[in-house]
Amino acid sequence: MSVNGDNTAGVGREGEIEVERVTKRFGDVTAVDDISITIPGGEFFSMLGPSGCGKTTTLRMIAGFETPDEGRILLQGAPVTHVPPAKRNVNMVFQAYGLFPHMTVSENIAFGPKIKKLSRTETSERLTEILRVVRLEGYEDRRPGQLSGGQQQRVALGRALINRPAALLLDEPLGALDLKLRKEMQLELKDLQQRTGTTFVYVTHDQEEAMTMSDRIAVMNGGVVEQLATPRELYQRPASAFVAGFIGTSNLIELRVDRRDDGLLVMDVGEGERILAVQPDSGAGAADRATITVRPEWIKLVSGDAGPRASHVGGTVIDVVYLGSVTQLIVLLRTGEKLTVHRLNDEVGSTDPRPGEQVTLHWAAEHSYVVGSSPQPDTTANDTEATARAGA
Amino acid sequence: MASVGEVLEIPKDPEGRRPKGSGTRQSRGALGILFAPITLLVLFFLLPLLIMVQMSVIRFPPLVSSGYTLSHYTEVLTNDLNPHIAWTTFTIATTAMAIMLVIALPLAYFMVFKAGKWELLLLLSLVLADELAPVVKVYAWQVILGRNGIFNWLIPGPPVEWLLYSRFAVILTLATTYITYTTIPIYAAMKAIEPSMFEAATDLGAGWWQQSRKILIPLAAPGIFVAMILVYIPMLTDFVTSDIVGGAGSYMMGQRVRDLILGQGDWGAGSALTFLLLAMSVVLSLIAYRLARLNRIDA
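Listed in order, the protein sequences are those of chains B and P. Be aware that the first sequence starts at 452, since it is given in the numbering used here, and climbs by one per residue. Be aware that the second sequence starts at 201, since it is given in the numbering used here, and climbs by one per residue.
Quick caveat, the hints were computed from the structure, so don't treat them as lab data. Among these hints, one or two may not hold up.
What the hints assert, rightly or not - Listed below are the simulated DSBU-like cross-link pairs for lysine-lysine, each with C-alpha atoms no more than 35 Å apart in a straight line:
id, chain 1, residue 1, chain 2, residue 2
1, B, 567, P, 391
2, B, 568, P, 317
3, P, 314, B, 567
4, B, 565, P, 414
5, B, 565, P, 314
6, P, 391, B, 565
7, P, 391, B, 631
8, P, 317, B, 538
Produce the entire structure from the sequences given, and follow the hints as far as they go.
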């Protein structure tokens, strides 16, 4: 079975993409290492990770610009591993857009149908429809050089969508835009995806971007998928220290397991203070050391004991940064670890602690997850970066 | 030597206009900087040009009392030989230009998009190849193509006679002489093409031929026109090449002018012919310039 140019695929598998145990090497470097992903039709799917994690290579293999060394790729149930890009019913939006500067908006968008020799009426019907979908009516005769970044982006989207692809592949398409425009385009892309019902496979290194738009996200690192889940799951239940560090701001704590108590791992830090984590079902629970994570907004500043099922630890405030909706505190624990704490600024006139002040931190045991039995070296760097962005 | 003057003058045209708009504010400083080149241009280009124009309209012998005439022009235009020579020159220059474009386009494409780390080396070798004095290159072809030359020595059988002292030799020599000037402007134009355009075109179903026709050539067009200005016009006036490797069938305009002036001492006809060639060159470069501008991308 071959994939034909039109969107007349088998019912139920329309827009479905399967990546089956795919490996891709460039020389000695394994860019993608035995990954398997199934993307159901109509999903907004993101591949998120730092540069060099294999996300773009995976996307390019789906597009047909790279061929896997091992494994196969299926589109709507049919294997397309060795089918050239033009013969796959997918289209790609490139990071640099790749718009044709000597052609008008209309000529750019109608490029695909013209090449495929669609009839004049069909082409102009599609063009009219797409110009409306990407909101470029009135700009038909402009050239890319006369458009703003956001408009150029929409031309690139229109030029891909006019071919009615089973899936649209987007390679960091918002990277060239400024922050404000990027946020607008995120919502616009999500809206576009919902209106067209096309499968979107989106590659980005920006966790916030992925969280805003995606139905599901594959967090990738070193050529493998660390976790594939919904944005909510990724944030609340990160499967690894890497994911915890990459998605939002996260505190990673090295936990020495002093005792186990009622399904909890307990580290006693002296003077009745303790850090707790829920004991995982998997093997990590048996180790006497574990890395746990806790989100900054789950840590509360209170006085007195918060009960047996809450972490309870004292420390010194070393940094206070007002971020608008939240104030970020950096608290040095007596164990030598630094925790990032977010206090929600939901009251007028509330006062924040000052640097040097002693505080007591509480958080419910359920809010710390074991993400590994040993920390990964690069998560601290990601943590700092994430702290700077300080997402909600 | 007319060709040197034209090579100097022609690229001045597209270059010279650009700063016009922003020039007024810094005009005094600009004047200081431009003093030397303007003096050079006036002394060694404009003045000889004026002398040549005067020569073309003055009655001979050229004395103050001689008076002016257009007879040199009528003579040049009515001479039976000149249309024939013009046609030969046009055919040779056009064929050489076509050959150079056929080589330069893929070469420039390869350098920009495929050569990778070899790009600089290729560029350098192109420039170095041009560093060689033109006359030396022409003599080198004489050695290669001659009856007892390298080519005939390499191939078996009786020596091929038409290789040297022929139109073929002139075209081949011209094409190799000017290949650098053809390739570099096209290379520069292609350098500005975003490689993702080709991937996007591939993604949209365009094959290499469609990509060349719809994307590569239109975007390289300004470079192609510049290359034609730089190369075609000097070829029209070249006389060294045909002198050394040409034969009876490759007598060109440059040679004709030289022979009229230096051989027959006919300054009038020689100057008139030169002026006509120059006028034609200006028209050609204006056309090419116009075409290049039409294709320029609005930034």
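* Report the numbers of all earlier hints that the structure fails to satisfy, in ascending order. => 2
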